[in-house]
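Peer 1: Now for the letters of each chain:
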Amino acid sequence: AQEKPFTFALLLVGPYNDHGWSQAHYEAGKALEQESHGKLKMIYIDKVNPADRPGITVPQLVDELVDQGAKLIFATSDDMKDGIREAALQHPDVYFVHISGDDVLQGKAPKNLSNLMGKMIYGKMMAGFMAGLVTKTGKIAYLGPLINDETRRLANSAYLGARYAWTKVLHKDPKKLKFSVNWIGFWFNIPGVTADPTQVTKNFFNSGYDVVISGIDTTEAIVVAKQFRNQGKQVWAIPYDYKKSCQEGGDVCLGVPYFNWKPGYKHFINAVLNKTWQQEWLWMPPYWQDINNKDRSPIGFIVGPTVNKKIKTALANFIEQLSSKQIQLFKGPLYYQDGSVFLRAGEIASDKKIWYSKQLLKGMQGPSSAK
Amino acid sequence: MDTTILLASVISSAAPIIFATLGETFTERAGIVNLSLDGTILLSAMVGFVVAYNTHNLILAFLASGLTGAAVASIVAIGSLFYGLSQVAIGFVLTLTCRDLAYFLGNAYTRLPGPQVKHLAIPLLKDLPFIGPVFFNHNLVVYLSYVLIIFSWYYFYKTKAGLILRACGENPVAAYSRGINVKLHQLAYTLWGGFWVGLSGASYSLLFKPGWGRPQGAEGIGWIALAIVIFGGWDPLKVALGTYFFAFLQLVGILLQSSYPQIPSQVFQVAPFPLMILMLVIMHISSQKTAKLDPQPQHLSPIQRLLRFLKTTPPAALGSNVHTKEF
Amino acid sequence: MLKSYYSLINKWLIALVCVVAVTSILLLFAHTPPLTTYKLLLKGSLSSRAKLARVFQVWVPLMLCSCGLLFTFSMKLWNIGIEGQVMLGAIGATASLMWISPHFAPWMCLILSLGIAFILGALWGFGSGLLKTSGGVNEIFGGLGLNFVAQGLILWLIFGPWKRPGIASMSGTKPFDVSLWLPHIHRFPVLGMLLALIIFILTAILLSSTRQGLKFKALGINPKAGKLYGLSPTANTLIAMTLAGGCAGLCGFFQVTGVYHRLIPAISSNYGYLSLLVVMLANYKWWPIPFISFFFACLNVGSIQLPLILKIDSSLSGVIQGICVLVFIWVKQLSVFERADDT
Amino acid sequence: MKIRLENICKYYGKVKANDKISFTIEPNSIHGILGENGAGKSTLMKILAGFTPKTSGKIFINGQMVNYNTPTKALELGIGMLYQDPQDFAGLTVLENFLLGLKTSWKIKEYEYTVKLTNLCQQLGFKLQPEAYLKDLTVGERQQLEIVRLLALGVEVLILDEPSTGISTQQKQILFTALKRLAKQGKSILLVSHKLEDITELCDQVTVLSNGQVTGEFMAPLDTEQLLECMFGQKLKQIINSGSIFPQPKNKSTPLVQVRDICSDHGRIRLKNCSLSIYPGEIIGIAGLENSGQELFLRILAGLVRPQKGTITINGKNLTEKNNRTFLQNHIHFIPTNRLEEGLFADLTLLEHYLLVFQQSFWLKSKSAYKLCLQKIEDLKIKGLPNTPAKALSGGNQQRLLLSLLPRQAKLLILEHPTRGLDVESALWVWQYLQKCYGLKASIVFSSPELDEIFQVAHKVIVFYNGQILLSKKISDTTPEEVGNAIAGKVEHA
Ligand SMILES: Nc1ncnc2c1ncn2[C@@H]1O[C@H](COP(=O)(O)OP(=O)(O)OP(=O)(O)O)[C@@H](O)[C@H]1O
Ligand SMILES: Nc1ncnc2c1ncn2[C@@H]1O[C@H](COP(=O)(O)OP(=O)(O)OP(=O)(O)O)[C@@H](O)[C@H]1O
Ligand SMILES: [Mg+2]
Ligand SMILES: [Mg+2]
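Chains as they are written, first to last, in the numbering used here: chain A, 16 to 386; chain B, -12 to 314; chain C, 69 to 411; chain D, 157 to 650.
Check before you lean on any hint, since a few could be wrong.
[To be verified] Here are the simulated DSS-like pairs of lysine-lysine, each with C-alpha atoms no more than 27 Å apart in a straight line:
1. K248(A) <-> K105(B)
2. K527(D) <-> K147(B)
3. K258(A) <-> K379(C)
4. K170(B) <-> K547(D)
5. K56(A) <-> K144(C)
6. K147(B) <-> K263(D)
7. K292(C) <-> K428(D)
8. K539(D) <-> K285(C)
9. K478(D) <-> K292(C)
10. K521(D) <-> K353(C)
11. K292(C) <-> K291(D)
12. K107(C) <-> K56(A)
13. K107(C) <-> K19(A)
14. K379(C) <-> K86(A)
15. K327(A) <-> K373(A)
16. K292(C) <-> K465(D)
17. K242(C) <-> K123(A)
18. K86(A) <-> K111(C)
19. K521(D) <-> K292(C)
20. K285(C) <-> K265(D)
21. K147(B) <-> K283(D)
22. K144(C) <-> K521(D)
[As the list claims (entries may be wrong)] Which residues of chain B face chain C? A partial, calculated answer using Cβ under 8 Å:
23. L72
24. V80
25. I109
26. L111
27. L115
28. F117
29. V254
30. P261
None of these hints come from the bench; they were simulated from the model. Given the structure is predicted, the values throughout are model-derived calculations rather than measurements. Even glycine gets a Cβ: it sits at the ideal position worked out from N, Cα and C.
Please put together the full structure from these sequences, using the hints given.
Peer 2: The structure is reproduced here in structure tokens:
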């Protein structure tokens, strides 16, 4: 006769089985539920976005979850920011975690609302690094979602990674490296609303880019790359978010930087269970000993199945140097697109400085913010 | 991106729309409006993907989608032909219902990697200087779209069956008095049209936007297809032309977006549809003008000829319910 | 007399049975027990006061749009452009709130933005009317075109001029201050409900007992003849479209001030399309509108339970609504024939 | 081929369109079917042609009973019909129309059939261009095409439902000679009409129908008096001894409306410099073949269509370029000939019609309108109730409804063939009603294909011949022959 399980809930922005961002969250939750041997119960609502659930607001859904007995609710998308804050005020006795948000930093959040994010910047650096190593044309494309601090931050990291590989490893002329970003407008394709990632990717490959780094939640980049490869073109792609999304890619996939939300979730669940909850803004770094450790590392990078030895080793010691801080990519001098200074010479960026990336970096093409 | 690649991608991205527009052309020329395209395409896309995923047999998948399209069309046809319901009403309801049905039934198959139509360049033709890469370096679906265009044109204007088809849309009662079983023909052509709309759905989920998901990516195409049929004046060749024109607009949107980052991408996203509407307006005005032009074409300036070319007259009995007990 | 009542009941019975049958088959197809599903839909929409409140949050916009559509339908116009008209209303409301909220008392701002929303929606309706009357574009396609334009406009505003500092995301504009939210009582959108009722009553009166209403009806039947008696089809088409747009605009106003408290890309929530179904199911008459809107609202709200508990997609509600309308128009037609036969 | 009909019945609800009709049609002869409107002629013919299923009765061909209920079957048996309203495809070419229904191969052999078509035309003295579009042909030519087609199908029995309405005299002659020739060749021809002269000219044998029943059978030579007697009973006497209905207006008054050299082209029809002065109380009859421009002219006069050139003035006020609203304000009213399509609101009830037309107030006042409605139904003897929808009225009653919607203070009435589809009796009634309400008070301009009608009621006749006014004379100064010639395009004086 065990006491009834502790219920935590997820609000997923996409379908729970989207082979991307949402599925990563879903599987982390499921894993915890299973390991807890019935002590934990997970409930979720997916497709929580106005396009899929017209007329439904986040607070309404939170009501539902609370009715179902949820004590801790993870809101897994940036654009649930306002809704989740509103809900947190309505339910002071329930705990909330907003993924990728910064209400706590901003001091807007009520006591029962915390923020969680993994340091994907490193994942993106690795992605960029791979791209920089394999590109033949020296033209790397970044398939960006919407524009905000987070997405700029990640695009910048990828660029720095690529530039490092291009200049420091291959010792090529930095001017010859072209890195352009195209924002589609949301985390996944909404026809007639966002730019169509399939078309955008095709367009990239057609105009000479041979590596596309995906920053969106869905797998168009990989799919299109495969189609081009079948037509005998030398192209690669790097998906995002979800551990297994490289599998469908076969040999066009260079690898995937992914999130592993298990450690983060566990941290907050324990905090609630052990009544040690205090509001925090948690930006978890990778577990450097083994970035693919299922229980310890919030982010990881899985190398594509057919990547050759030489590149694998290069990546390995790139990671090695990142962990030992021998390589500091966010180190001055770095400039924003408009030429204004981001980091003075020698300056090493603070977390907060990286978090609030106001623009893309100098040397990248593409808009830093919607006009 | 150079012109060959541009044209090639126009040709290929138009293919699935061609299926929809020409299918609908058959239907409307027979006098029935099947407004349900947008929903039908999604539903058949879903069916096609599910079948392909489970059987790994693309032929079967396309067939299944086609039949799905025909099934939906049959609701419109039977409703209007045998129960005198408003075609627009049924069509519109089906548009929404089929969309939701697709999302509902296809939910379990979201974003699964499934089989796809293979790329298949045509051996000799593909090496032709400019033609080759533009027309013959695609896949069977694209080639099928060529076949359909030529077939429809021949069928409409060179065969007896095509003549009968046009007659049904022109004046059903008269057709009946000529011993033509109008309802049977209209039913048949609605199903036939629906079948092609279905194929268009399949070619999205198995080639152009591989896989199933919500959204799938084919949303909104159906409406555009309907507009294109009008734009093309119910004439197979003009309709095909209109389809390519639209595909071109869509592509240009994306190109411009990368070259004019200061203009928000959304503008380019929504541009093609209003442009089609604008074309409809121009056509309307042109058809008013051409009413007054003198019949001998040799007296016309090029612009006047263009206007005359754009002038369209719908099938006289389009969308009307001939519902006499005598039939 | 009695017979006719009997056949009426009969008709509805047939319809109901058909709907339930078809839906149940679907559910079994999706390996879900029909009965529990229906129970869930019911519980999910009516079991608690909060849920009922949410039903009314959907009821209000449906009512407003349906009223607008009554005008256009009485002219036999398919105002599919209603979606865009809702969006423009929303844009109007947002703009006015943004610009004047600092200078006036909240209630004044709300009233003003209501006015602006109505006007902008009306203009958009007028636009697709104009496309039909002088552009020769069938209102269905003109409307759709304008829907796309409206959608683009909203996105551009959200990503451009009205974007949050440094951010451009689908999550919409910066939420308004609570003082600018349309007041609720226990989460019941009372003001919205009041607005909907007023508009509904006005619509009913205008259609049933004024000359304008009769004009719409007559011109809907035969515009050519209308000209002989000095009625202008063009003018009345534009009037109907404009009125419809206005009502849709009010819907947009409610969506902004009463539901989302900001402008989001999907602000119209497809209520425009949905209310086309409502009016069709109401057989283009005004009196059933409130009830059908309520029924549809229940389905919409109740359907959230489906993924949560049965793990099936909530688009089922849309399917049910569609099937209802299909079956209804079918059964209606059948009974028309019965009458034709027995004379 | 010999056809016998036995007790053919056709009921439309309560309406007995055909009621126990029996008679025989002999081979190589022209058999006339005569009867007033709504007598059941078309219905019977449609039954014979398999277009309409009969309620009961038997049909025998050469002695043995046949049972068929589709046009196809009828055609296989050799029975073909030329319908009252042309059953062809305006949007297709002559050749395509010809091909449709013929037994041809799956592929269209254009050349072969072009030859066939032209040959047949030559035999019957018709002239048709195979590639012309049907919408550019006159009704007469359409009929010719239809006949050719039926012959190509090898029909033995040819049914023509009122072929002589709306075609030129020459075309009529061409048609009749063709028919005679066919009869000689051994075809049996059924000719439906209410025009006595056609019947007497052509038929060897006549059957007269009157509200659904056979009221007499006659053999050539035919006696007009007798036929009339049989068709209408006493009704006819009234027309014959009712002279011109409308009193002459007093002369030398200023014209009410002046139309000066109107030009307008509207698709095929083109008006060239048409001028006309209408004096108060004057009744002007417009004669002419259909599509000679009178339809367009009337609509221009009513302000429904704007002319490209020319002026229209009423009492000196210039109304050119104004819309029909202003014309109405100047008491100019128009009644089109196809009532349900252009004149009435099919699904609106009588009451709603009156509400719409006679009430300008914002709120609807049903009570007063109801009184008015009953009053009008009373006055115009409309067979209907305040809540009957217009579409359920019979043709004649629809016309009455239209008349009742005219305001008393109308100054100019423009009537397009006001007695179309009305039998002689109700036609007479219409004119008497107009005289009673508007005699001397208003002027009337009306078009009519029946010369005798024009000569009966009009003070002045004008004749349209392809878009021009060819003749404009006082009735007293002209003769039917002159007008008839003008209609055909012939005028004596240079
Ligand atoms: N659509 C209809 N619905 C109901 N009744 C109809 C319809 N059409 C015709 N009828 C009935 O058939 C009868 C005759 O109609 P019709 O128009 O043929 O009259 P008609 O014989 O031509 O007489 P008229 O000389 O007045 O035209 C009318 O009494 C009318 O009630
Ligand atoms: N579709 C119909 N519905 C109802 N009544 C009809 C219909 N068709 C014919 N009738 C009725 O049958 C009767 C005979 O009609 P029919 O058309 O045969 O008259 P007709 O002799 O051809 O008159 P006309 O000389 O005007 O053509 C009319 O009273 C008419 O009302
Ligand atoms: Mg007749
Ligand atoms: Mg009649």
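Peer 1: Can you name, in rising order, the numbers of the hints this structure does not satisfy?
Peer 2: Structure breaks hints 2, 5, 15, 20, 25, 26, 27, 28.
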